[in-house]
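Chains as they are written, first to last, in my numbering: chain A, 1 to 434; chain B, 1001 to 1418; chain C, 2001 to 2467.
In short, the hints are calculated from the structure, not lab data. One or more of the hints may lead you astray.
[Claimed, not checked] Cut-off 20 Å, straight-line C-alpha distance, at most; resulting in silico cross-link-like pairs (DMTMM-like, lysine to aspartate or glutamate): (1) B:K1351 x A:E427; (2) A:K227 x A:E258; (3) A:K421 x C:E2220.
[Unchecked claim] Per the computed footprint, the stretches of chain B lying under chain A, defined by three or more beta-carbons under 8 Å from a beta-carbon of chain A, are: (4) 1141-1152; (5) 1342-1354; (6) 1388-1394.
Where a beta carbon is used, it is the ideal one built from N, C-alpha and C, also for glycine.
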Amino acid sequence: MTSRMRDHRMPALLLSLVLSAFFCASLGAEEAREKEKKSVVQAVVGATVLPVSGPMVRRGTVTWKDGKILEVAAELAAPEGARVHDAKGLYVCPGFVAVVAMGVGIETSSGNIGNGLDPWDRELTIALANGITTMQVLPAPFFGGFGQDGPLYGGSNSAVIKLTKGNLGEMLVKEPALNYFSLPTRQLELNYFLLRERFKQAKAYLAKRAEAREKKATPPKLSSSLKLYVAVLENTRPTIFSPVNNHEVKIVLSLSREYGFDAVLNEPKDAWMMAADLAAANVPVLVKSRGPDFDFNTTGPLFEKGQMAPVRRPAAFSRAGCQVSILPYRRGISLSGLAGRDLATLHVDAAFAVRGGMSNEDALKAITLNPARTLRVDDRLGSLEKGKDADLLILSGHPLDYRSFVLKAFINGKLYYDREKSRIYREIPLTGDK
Amino acid sequence: MQMNRSWKAAILLLAVSFLARPIYCEDGAAAQRWAIRGGKIVTVTKGAVEGGVLLVSDGRIEKIIAAPASDWKPPKGYQLIDASGRWIVPGFVELHSHIAGGDLNDMVYSVNPGFRTLDNIMPRNALLKRALAGGVTTALFIPGSGTNMGGFGTLIKTAGKDLSEMLIRFPGALKIAQGGNPERRGGDLGYSRVGMNWLIRNALKEGQLYTKAWDAWEADKTKKKPVKNPRLEMFRGLFHKEYPVVVHTQGYHLILSTLRILHDEMGLWVVIDHGTFDGFELAPEVAKRGIQVMNGPREFRWDNRRGGFRGLAYEWYRGGIKTVGVNTDAPVVPAEELVYQAAMAVRLGLKEDVALAGITIHAARALGMEKRIGSLEAGKDADIVIWTGDPLDPRQSVVLTMVNGKIAYDTSKEPQRF
Amino acid sequence: MRLKMYQDQDNRERGRARIVRLLLPALLAFLSPAVAADGEVVAYRAGKIIRSAGEAAAAGILIVRDGKIEDVLAAGAKPPEGVKVVELPGAVVLPGLVNPLSGISQVNFTSGPGRASQSNSSPSDGRKAVGLSSLNLKHEVYRRLGRTGYTTFAVVPNDTRGLIAGQASVIRPALGKEKEPGELVLEKSAYLLLGFSSGKAWYDAGLRYLKKAVDDILKEKAAKKKAEEDARKKAEEAKKKASQPSTGEKKPAPAPPAAKPAAAKPPAKPKIPDPLVQLFKGEKKAFVRVTSPAALAHFFAFFDKLPIKFQFVLVTGPQPPEIVEMLIERKKQITAVILEPRMGRIPETSIYVNTARLFLRSGMPVAFVPLRDTIDGHREIFFQLAAMVKSGVLPHEALAGVTSVPADIVGLGAKVGSLKKGGLANFACYDRDPLSGTARLLSVYVEGRKVFEDDPSTGKLSGEAIR
């Protein structure tokens, strides 16, 4: 740009440039989407494919059509007429699945989540740019609870969403996705007693209902306070508990055994000690791979006696045969400036699990297939297999490499993120592959 | 099926860790002579040496044998540490740490040049132990940023049986906070930045006059002996540039006043110890003055104007601070994650070797300690960390940390801390 | 020094003002063409007349009779004999401005329509509320409306944030002699305003209200169809019967008996039609206010499921290009857009975009409403429009956005929004091009009567003095 052009027309010129660039980009995307509607076969070729459900495929090809994966194979030529994405030297893996997230893709969380989704959310774009294609979201009270003296709190308003930017129609995968309980820490025994009582009532109700059905009579009325407990016992979706100690873990295990529902443990601090029990009971765990930060207790012991460094916990569970899903360090996207400490680096949280002894494969599984299983959406998501949703990432390096960036993210076979066209990482150069 | 595989993995892992575990004599502390063999020696200053031997004696690095003979045996009295397949890296230097002992913000007065962190240090406290597991061997333990002048910090090693063994230098540096945190107080003097700048300038001017008076006395230029003032005593070293002032300064306008007041006007040895937000816009000015920037704990900025992330360390580097480093402001970011901060700087654009140098040799130089720490060179302190691989990769962990030639953390003896 | 100079000037002016004030009654009596007698014809000779946005401004003479525009003559033409001529030398005459969506009838209404926060209010049903009913002539605001350059306001009733906010009434500024609010009204029910936000409550309410209206219509249609079918069958039977005995006879006109059963149903009382049902039948205009991108996505997801659609004017905030693009694709449903004259932002950035310009380039009519829905807010409109022009809206588009477009979308295009023959003599006089940003509003006429004059010799806004 010559200096002569630096006059008062510059802002207008710049604006028009920006605008035209924007339009070109977005029109391009629109055109692309239009094309995709006409069920064209698409293929990624030449990539190192990590299907998660199977071994790594070098120089692999993944093909898909109408949003479903057709084939994952090595050295497979793209079919005639297919739209080919050359990924030579790049990695391909399924989109990451984040559990117990919040504040992403939601405008309002009053009532159910599906009606409050925001497909234009900025945080959604950032999460997508970092490889998260599916997310299970919970409302805010789940995290805060009501403090140690609060009531026993539980609910079902949670959802599994896909981060289809700008496309509300394909966002909601499942709602409600799971039940959850948040127990006040004080009077824990009492609360578990109450919980058990409720389950008894729910069980009695279910028996009555079954009886009524047999007789083809009208089913008995279900009180609104009992609805959640009946839903838990019906076990159409898993139930999350957040036990603070192993005593609680035991109670949850016994409840789950007694009433036959699937429990999921969210951040069970010391439960690695009873990892074998959890594995035997088939109870999935959601764990963080790094310890608590901002701990101003600078004089305390390293860890409580017998505790395990957080970085080792995922591996401990995994070794015992538990289904481990790695939780992000923080639930949402944070733009405060602390890097690598939120949903934007879920893959690095998995890398920390490798540091603690997990294998690369298991760690990748812990942010893809395992959470999909835990959420019971593994029939569609979590791995690259024939017939599953074409939710996949093209990455600049191994998905667990801290330097890797998502270059393209596809959801339901459609391109929703393209690093080259996005502003998010425009100022950040790609570092070399290791 | 899954169980089976994970068992296999576990056995394999055990086997691997058994084979690769460092082997050395139990009575290592007495001997204090080590031969670390194999692996990749990352000297930082002089490139990497593959398959060399690093000799340690009397707490110092004796020498690095780049190409030992195939039948090389450790000399007598040296314990062998087998580090084949590992990376041998200098211990990291943290320039912004609050974790060697609590109680760092005394917020009655706004400027507290008499305060010192030396008396707060708790050797072997829990967080320092974790820092060792992250490869951090040196930390500048500084007062908090609750007031404009928090006092004098202490430069310590993160391991040692008592303070005398840990201490590198006191005063390590003066801590000044120019904005942000000190603004939290309501109503009294220093509530706004005019007040803060006056307070800082006033205190420094007082220290400068005090220093000049003593300088004149000591140079026999005056017959009037100045009165000793313990509150101002430590300013003398500061104005003699024996130690730097580390400044909690961030954003463009704060860094401007850092440059103007602390560097240009007072002529101090300045280290910018946050430098976040849009501070990097001033990089050329900072570079011109030869000021070191240790960026952190914020490593990125969401740039609204461009609608994207900016890597802060990378932007400083691009702007001319070729020696940029990072910090953790521990415990804001846990102390053990210093190298993870560097890794994030790499993710956000910085080159790997620059990032590593930024938390080793450049950080050491920022404190004037480049002759003792910050790289693996003969004659330097034996602050050596053996990693399973590239320390920047979060998948790699510390196997062994040696501080002053003594083993401070060893995963073959205790469970992995981080 | 400079300050002192200004003070001196100020004092001088103040002195001058004192003289003028003393002479004011006499002046008024002399000047006053303010109240034109009924049947009187007045010719206004102005420096420039912009008859309608987009037309070239030219010097001319505006002939007004009975509060209506009789003619617009070229500057050189001679006004008819015996006509009172008012000279407006150098003045730029515009059609009076039109606000298509205002809550100014409510005293505490401050937020702009495109910005109204909807998230905290419940989705209420105000379909029966009419803007007219919330007018309170005792409040001075109605008399002050005229001092803004605006001469037409579509006012919405009290709860403007409900899902069905109510029906808008179109009013003019008060002249001070009105006894009934109805005297201000040009159109009692110009359109129905709907609002939509994301969230379960809005969804449920939307289903409850809109779906029900649709169901009612469908039921009615089905009933009608059935009735017709029955009638047809009856008629056929009758025809058969008729044709069986005597084939040669002429047809006994089957239509009247067929129409009878439908007409025969005696309407017990004159039923007030449900405005929501009218909406779906295309008998009532609709304005739909959806502000956030997410709410837009939800609204259209919901709207697309309705078996019957309606066309509407979209009231929205400044949107980023990707949202505008989505909206433009829906040209079939969206007839026009109401925006505030401010910039939109590309999400994730602070890169600003002129939303209005994007809509206008795609051929979508855009009406502008002031940023603040107050008297001062209305007075500032040309500052904001000038900013819009600076960033790409063409001057005539900006002008149309406050005159002809809003007049058309409230259905009063024949009466207001331009200086057409037969239209109301609502016009505003500025001392220069109003989009220049420094233009001064000199006077405002509503139906041929001056409601505001800014006397340059006093600097006094005499809107209240002259009635």
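Unmet hints by their number, sorted upward, for this structure: Of the numbered hints, 3, 4 do not hold.
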